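These protein sequences, in sequence, are chains H and V.
Sequential numbering from 9 applies to the first sequence in this note's numbering.
Sequential numbering from 9 applies to the second sequence in this note's numbering.
It is worth saying that the hints were derived from the structure and are not from the lab.
Remember, predicted model here, so these are calculated numbers, not experimental data.
Check before you lean on any hint, since a few could be wrong.
All copies of an identical chain are treated as equivalent in the list; a pair is satisfied when it fits inside any one copy or across any two copies.
[Stated by the list, open to error] Here are the simulated lysine-lysine pairs, DSS-like style, with alpha carbons at most 25 Å apart: (1) LYS176 to LYS120; (2) LYS35 to LYS161; (3) LYS161 to LYS36; (4) LYS284 to LYS36; (5) LYS245 to LYS115; (6) LYS120 to LYS268; (7) LYS277 to LYS120; (8) LYS161 to LYS240.
Number of protein chains: 2
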Amino acid sequence: MKNMDSMVKSATAYLEDAGKLTEEALKKYIPSESSIPASLHSAMRYAIFAGGKRLRPALVKAAYELFGGQPSENIQLAMCSLEMLHTFSLIHDDLPCMDNDDFRRGKPTTHKVYGEATAVLAGDALCIFAFELIARTGNVAVVEELACSLGTKGMIGGQIVDLESEGKTVDLATVDYIHYHKTAALIEASLVTGALLANAEKNDLEHIKEFGNGIGLVFQIVDDILDIEGSKEKLGKDIGSDIKNGKATYPAIVGLEASKQKAMELYNKSLACLDKLQGKDTEALRNIAALIIERTY
Amino acid sequence: MKNMDSMVKSATAYLEDAGKLTEEALKKYIPSESSIPASLHSAMRYAIFAGGKRLRPALVKAAYELFGGQPSENIQLAMCSLEMLHTFSLIHDDLPCMDNDDFRRGKPTTHKVYGEATAVLAGDALCIFAFELIARTGNVAVVEELACSLGTKGMIGGQIVDLESEGKTVDLATVDYIHYHKTAALIEASLVTGALLANAEKNDLEHIKEFGNGIGLVFQIVDDILDIEGSKEKLGKDIGSDIKNGKATYPAIVGLEASKQKAMELYNKSLACLDKLQGKDTEALRNIAALIIERTY
């Protein structure tokens with residue numbers, strides 16, 4: 009096994025490649041800023057081209073390639089779809105009535121630039137456009153999978169419980185609920201999307217799902233930790249905002265050290281899921297997993 | 009040809025039947041108010057069971073039956089999906105940052121009862137759930153059709169131009185843009201959904217699309233007229249709100265009489281599209297069209 013540093017380096021390169029591919033495709037798919045309604049297309053482009061790791065498209069691509077998927081229009085559609093869904097959730101999450109965040113990735117949030125009404129509609133439009141793109145793959149199972157992962161039993165469910173838990177003393181089960189739904193669900197769905205588009209077998213789908221679920225939770229616990237130990241410059245946002253907003257986080261419940269230990273346990277458990285994919289090249293996913301636990305931004 | 013009164017009566021009965029079927033199915037599909045996240049399911053149910061004509065599900069059903077579709081789970085899924093998409097648009101439209109409406113159908117709007125954050129998320133969840141239900145029909149062409157009708161080149165496009173036109177002097181072309189996109193697009197999509205699920209032929213799809221486009225515009229012009237001449241009791245909302253909010257409407261641009269004339273012209277033009285569907289029983293759609301132009305609520 010390679011050391012973590014070189015794995016993180018490989019993953020960073022993989023994400024950069026996937027990011028470039030995604031951004032080129034997004035530029036092609038999202039109507040230009042001069043296309044009517046111009047303000048809406050402009051807001052959508054502002055939000056989605058504001059940077060970001062492009063982790064979800066990279067996971068779509070890595071899972072697709074893992075199961076033998078070949079370069080195609082479909083994979084580009086799916087990568088863009090997942091990034092749009094992620095951006096939709098961020099725009100709505102940042103609204104004054106939600107987390108009321110003024111900055112994201114070092115830039116003013118969408119509603120600060122375009123106003124609240126346009127931000128609500130730009131989020132809506134990205135969500136709807138994501139379904140249009142994924143429908144264009146012709147794979148209706150993926151549409152259903154994504155909708156399930158996003159709905160009240162998925163991401164949106166996590167968002168509401170997150171909001172309702174603010175400022176309250178919550179137990180670990182609630183934090184787990186929030187993190188699994190709000191964050192892990194879409195990370196898992198990214199992997200399942202890639203796997204479904206490459207016609208992965210049912211058993212393998214279960215393993216990749218379990219990997220996504222575990223590594224998705226690692227991603228959010230690391231996020232919680234970075235909000236305490238991270239660097240404002242690297243993160244592009246203020247640190248300490250979770251404590252300030254009374255957010256339900258892992259460190260708030262079990263402390264910093266136990267949170268790190270939990271992340272490491274989950275990381276190892278996730279890798280074990282990849283071991284079950286016999287005869288498959290899981291290197292890209294292992295590298296991305298290393299990046300997720302080692303990341304500083 | 010029957011007289012308008014009896015056609016409206018038949019259409020009212022048809023909408024009542026379709027409404028009952030839709031409500032029964034919605035109760036089955038939307039998780040109960042005690043199912044976690046409870047507040048979200050409660051808000052979704054509050055918004056969707058607040059009444060309403062259930063026009064869109066009725067159009068789905070009528071188009072489906074017109075092309076020989078037999079009773080099935082799929083048609084129930086589609087009827088619920090369209091009503092959810094309509095309700096999603098109403099919840100977000102009523103938000104303080106949008107039209108800032110306190111009442112809808114005689115009841116406090118969703119954000120007045122559940123707060124803004126929950127209203128945003130309940131709208132999101134209904135939109136996403138609508139895609140889950142329509143995906144469950146297995147018909148990916150319908151998913152794509154709906155997404156196109158809703159996005160920036162459809163309903164959401166109409167909403168943003170509507171908001172941006174408030175208080176401004178706009179021309180008829182802009183009002184047409186708003187009305188076609190904001191209202192007619194989803195009415196057209198309801199008909200196309202039913203037709204696609206019943207495997208209508210391509211030529212017939214075009215005719216039904218044209219009918220939906222025309223009758224959808226009639227629906228919105230009548231809406232504009234009712235905001236001036238309607239009854240608060242029947243409509244369940246204040247009249248005169250368009251003028252108060254400086255909304256771009258037909259009567260504001262061309263006057264009340266010319267608006268009525270335009271509605272009648274479009275109505276007749278829409279009926280002519282149905283004439284092209286040779287050998288098909290278009291009675292239900294003709295009755296609904298009569299209801300749309302004759303309605304007082």
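Each hint tested on the structure:
In this assembly of identical chains, LYS176 and LYS120 lie within 25 Å of each other by CA distance solely across copies; the values are 23 Å between and 28 Å within a copy. In this assembly of identical chains, the alpha carbons of LYS35 and LYS161 lie at most 25 Å apart only when taken from different copies (17 Å versus 32 Å within one copy). When the C-alpha separation of LYS161 and LYS36 is checked against a cutoff of 25 Å, the pair qualifies only between copies, where the shortest distance is 16 Å, while the shortest distance within a copy is 32 Å. Neither within a single protomer nor between protomers do LYS284 and LYS36 lie at most 25 Å apart by alpha-carbon distance, with minima of 38 Å and 38 Å respectively.
For a Cα distance limit of 25 Å, the shortest separation of LYS245 from LYS115 inside one copy, 9 Å, qualifies, whereas the shortest one across copies, 41 Å, does not. Taking the shortest alpha-carbon separations for LYS120 and LYS268, neither the intra-copy value of 35 Å nor the inter-copy value of 42 Å comes in at or below 25 Å. In this homomeric assembly, LYS277 and LYS120 never come within 25 Å of each other (Cα to Cα): the closest approach is 41 Å inside a single copy and 45 Å across copies. Proximity of LYS161 and LYS240 under a CA criterion of 25 Å is satisfied in neither setting, with 33 Å inside one chain copy and 39 Å between copies.
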